[in-house]
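Full structure from sequences and hints, please.
Quick mapping for you: the protein sequence lines, in order, are chains P and W. Numbering-wise, the first sequence is residues 1 to 444 according to this note's numbering. Numbering-wise, the second sequence is residues 445 to 960 according to this note's numbering.
Honestly, the hints are just simulated from the structure, not real lab data. Since we're looking at a predicted model, the values are computed, not measured. Hints may contain errors.
Think about it this way: if two alpha-carbon atoms lie no more than 16 Å apart in a straight line, the pair counts; the simulated EDC-like pairs of lysine to aspartate or glutamate are [claimed, not checked]:
hint : chain 1 : residue 1 : chain 2 : residue 2
1    : P       : Lys-394   : W       : Asp-635
2    : P       : Lys-334   : P       : Asp-346
3    : P       : Lys-394   : W       : Asp-733
4    : W       : Lys-799   : P       : Asp-80
5    : W       : Lys-715   : W       : Asp-780
6    : W       : Lys-799   : P       : Glu-81
7    : P       : Lys-394   : W       : Glu-729
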Amino acid sequence: MRFGATLALTLLCAACAGSHGQPSTNFAGDVELQELAKLSPAALPPPPADPTNAYLMDPKARDLGKKLFFDPRFSGPLLDESNNGDPGTLGLQGETGKVACAGCHVPATSFLDSRSSRQQISLGSGWTHRRAPSLLDVGQVQLFNWDGRHDAMFNQVFTPIEDPVEMNSSRLFVAQQVARLYRTEYEAIFGPLPALDRYAPVTPNNAGCDKLTTDQIHGVCVKPGHDDPEVTRIVVNMGKAIEAFVRQLQCGQSRFDAWMAGNAVALSDDEQAGARLFVGKGGCSTCHSGPYLTDGEFHNIGLHADFTFFVVPIPDAGASAGIAELLTDPLNSKGIYSDGYDGRLDRLPDPANLLGAFRTPSLRCVARRPSFMHTGQFRSLEDVVIFFNNGGNKDGYLGKSENYPRDLTSVERAQLVAFLRALNGDALDPALTVPPALPADPAE
Amino acid sequence: MARFDRSILMFLALGLGVVSCGSGTAGKGALSSSGASAGGSDNASGDGGAGKTSIAGNSPGSGGDDAPPTTTKRSPPGSCGIADPAFCEEFTTPEPGGPSGDLDEKRWSFARWGHETRQAFVRNPVSTIPGTMPAPAALCGKPFSNVPLEHDVAICDGIGVDGLVSAQLNEVYDDQGDFAINSNRARQLFDFTNRTGTIMFDVDAKVNPCNLGHGWWIELWVTKEPGPIPYHEAPGVLSYPENGFGINFQGLNTCPQGRNATEVASVFVSKDWKVLHSYPGWELEHDSDADRCITVQDQKLNRFKILINKDQVEIWASNFDDPTNLHRLAVAKNLDLPFTRGYVHFQHSAYNARKDYCENQTTSGVQTYRWDNIGFDGPSYPMPRGYPTANNTEPDIDGAGGRMYGYFVTDKEWTVLPIKGVDLTNAMTATMSYSFLGESPRTILFRLNGGPEHVYPIPALTDSAGGPRNGTRALTNDIPIEELKAGDNTIEFKLATPPSNTEYVANVDLDVQTSK
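Put into structure tokens, the structure is as follows:
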């Protein structure tokens with residue numbers, strides 16, 4: 001008998017809204033249901049406290065953060081020739097002021113990249129080497145990027161700003177743009193902006209690199225102001241405002257949660273079977289655990305990075321490099337730019353054990369993603385399930401894979417996909433996706 | 445004939461300049477196939493020689509009465525190496541004068557994608573670029589200069605897989621620094637319902653030996669709907685099959701045979717405008733590391749055999765220097781194809797080949813592919829009658845001397861495209877296929893001969909989150925047969941709402957079916 005029917009017949013609470021919350025004693029003997037209950041609390045937990053950012057709940061910071069998120073005027077020249085002005089690009093090669101956070105985390109499509117051609121890796125100034133993840137439920141994340149390179153949103157923003165394939169900009173140019181375009185709003189939150197008149201104005205054309213590097217994941221062109229704490233502080237605060245905004249982005253509860261709460265028809269028979277496979281034979285919940293279906297950790301799944309039209313994959317050490325960089329980063333949460341420290345750096349895994357490991361993504365709203373894995377190389381959930389069913393790739397990756405063959409039948413694979421498609425929620429406030437009015441450039 | 449002898453003859457043939465364009469008179473060389481082999485190699489030796497011409501003996505320009513007669517055997521004409529072909533094209537008869545050059549438009553629907561910075565569906569005149577590697581592009585075996593649109597598709601003699609003279613399809617373009625495509629669809633339906641179907645073709649399947657993502661390569665597509673240029677995802681292109689299956693032979697530059705070799709780079713399946721599977725080459729099954737690749741060389745044909753059913757595909761091919769011996773490159777399983785009858789497209793793709801070069805050698809952005817002996821098996825349906833619309837004659841706006849062959853489409857007035865000489869005898873249904881470049885979502889209006897207006901909300905090509913994806917689309921519409929008339933017709937397009945950018949239709953083509 002299917003779970004839904006079982007529940008309806010055996011649990012008096014089946015029709016009682018909100019009565020589900022902890023695994024019922026009626027789950028006794030059904031290990032799969034007990035495991036599923038761990039994935040579906042009555043209410044999803046809110047984002048945990050983040051002492052690194054004192055402005056999280058400041059409405060003014062949220063408003064400013066939204067504008068900064070949508071504003072492309074912090075970006076330098078588009079470098080890659082693929083920027084030909086056609087749909088799928090943000091402009092023409094050489095143009096400036098085209099790349100905003102919203103360019104690759106497209107608000108209308110769950111804050112993921114639905115814009116770049118192929119919808120796998122992103123085309124900002126150049127082609128990125130990893131997929132831009134959805135920002136839904138980003139408030140749950142403590143180690144950012146696929147490799148854990150950052151431990152706070154305020155330091156995470158430096159990567160997209162300064163990476164030549166993303167915004168191709170520099171912190172001094174960004175700081176000067178904040179002063180030009182957002183002085184009043186910034187100072188209302190963070191206090192007076194420092195004078196930056198010791199620097200000549202940086203033009204957009206000179207904001208970032210003048211050519212692409214092809215041999216590293218995040219190459220940075222060091223520009224004036226790179227080591228200036230006053231300049232850096234402005235960008236840090238920009239990141240804190242952006243965090244205040246994106247922390248509101250949520251996927252929300254899904255049909256799966258409704259089923260776990262007692263709605264016996266919320267999932268089809270195949271979806272119910274897929275749910276059991278998820279925690280059972282499929283072994284998915286080993287890593288995709290907890291209410292957000294992620295353990296928040298880093299795993300090597302034996303993925304041979306794909307060759308695309310646009311870039312040749314370069315060896316990506318993943319978290320072994322990312323976390324090592326984080327530990328020595330003066331911008332990390334132990335540093336002077338953080339508003340508080342909760343010991344998160346003291347709980348990090350040993351990077352020496354994380355060669356080729358990448359962060360486990362949440363699976364809530366996973367079916368809205370156009371591609372999967374840190375490379376974006378899988379373009380359907382069917383292919384993802386086939387990959388895991390095969391136990392990953394035989395070779396072509398760094399480190400040691402934790403993956404293993406599952407021996408799922410074709411029917412079981414389809415059921416697992418059906419379950420994954422039942423994880424979409426509708427908690428995203430549409431107002432958060434509406435582009436705000438941006439301040440006019442005083443020079444125009 | 446021993447391979448050594450044949451290679452000498454091939455060398456002689458090329459060196460003596462026996463390959464001349466447009467004759468179409470030489471016999472065809474098609475080798476019999478062993479069918480759906482289960483593994484190992486597939487030696488496709490010849491089995492006949494009637495009416496065939498040896499290279500040294502009778503080829504144009506050879507003048508070789510004293511040359512030794514060939515002992516190479518050939519399979520019967522019209523077989524394309526398939527025992528019971530439903531379709532076989534040997535390119536024996538050039539049919540010049542249409543938008544597809546020498547190609548017979550009654551049997552083929554030919555489509556192009558190319559653009560300049562400010563204009564889409566543009567092709568510039570194309571010339572051999574001296575000094576480029578691996579060899580300067582040749583059209584019909586010779587250097588060429590300022591070849592304009594429609595002269596860029598030529599049928600002329602070359603050397604077939606059996607070393608004998610064989611009429612072949614040559615098509616060429618300059619990638620113009622970006623993505624570009626020629627895609628050639630057989631109008632004949634390919635049906636592999638409840639069986640494993642066989643597709644065979646010969647082509648010089650070369651790749652840029654310094655390919656790091658930029659180069660030229662071939663692809664094979666089978667699509668349920670006949671829309672042109674079934675698939676390509678790149679900025680501005682984004683052509684997509686509603687339901688399709690494709691094999692990309694771009695190569696990964698990882699072959700143990702070296703740089704002048706290629707392999708299956710990916711296998712792709714789409715369903716309802718969405719990606720169902722996209723398997724990279726290394727996830728496919730290979731008999732051995734060496735077997736996954738074939739060696740390639742300009743103007744030397746490889747033979748390909750594709751064995752496909754609803755669940756899996758086997759991909760076989762030969763090395764250029766041993767073209768009658770096929771081996772299995774790859775097997776792709778778990779295809780879950782959403783169709784078992786469709787249209788076969790033979791595609792030449794390119795992406796800014798000049799960008800990836802070795803040391804100080806320049807790679808040519810101009811490339812030619814030579815196609816020969818294209819066929820497939822299965823039930824034989826009546827060939828639809830095909831009617832391509834004429835290419836536009838607008839000059840390019842970037843001053844490169846090119847020509848816009850597509851048509852602007854707006855919400856203000858109808859874009860009128862003539863279709864000449866439609867034969868409606870026993871016509872039962874009609875289908876229009878075309879490329880559309882525009883934003884998404886978009887509704888296109890069309891009508892025939894000024895008749896009733898048809899509203900076609902183009903299905904949003906979206907990600908899972910529902911976001912629109914702009915670009916070129918491979919579209920297909922059924923046409924009410926009663927709205928066509930015998931003789932000359934017009935197809936007209938208009939947009940339902942104002943565009944914010946320039947939008948186009950191109951590669952507009954009509955198929956009239958006499959069976960269902």
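Now for the hints, and whether the structure bears them out:
Pair hint Lys-394(P) plus Asp-635(W) does not hold up; C-alpha atoms about 35 Å apart against a cutoff of 16 Å. Simply put, Lys-334(P) and Asp-346(P) have alpha-carbon atoms about 10 Å apart, close enough for the 16 Å limit, and the pair holds. About 13 Å separates the Cα atoms of Lys-394(P) and Asp-733(W), which keeps this hinted pair within 16 Å; it holds. Restraint check: the Cα-Cα separation between Lys-799(W) and Asp-80(P) comes to about 12 Å, which is no more than 16 Å; the hinted pair holds.
For the given pair, Lys-715(W) sits about 9 Å from Asp-780(W) by alpha-carbon distance, which is consistent with the 16 Å threshold. With a C-alpha separation of about 10 Å, the suggested pairing of Lys-799(W) with Glu-81(P) holds against the 16 Å cut-off. A distance of roughly 11 Å separates the Cα atoms of Lys-394(P) and Glu-729(W); the hinted pair therefore holds under the 16 Å criterion.
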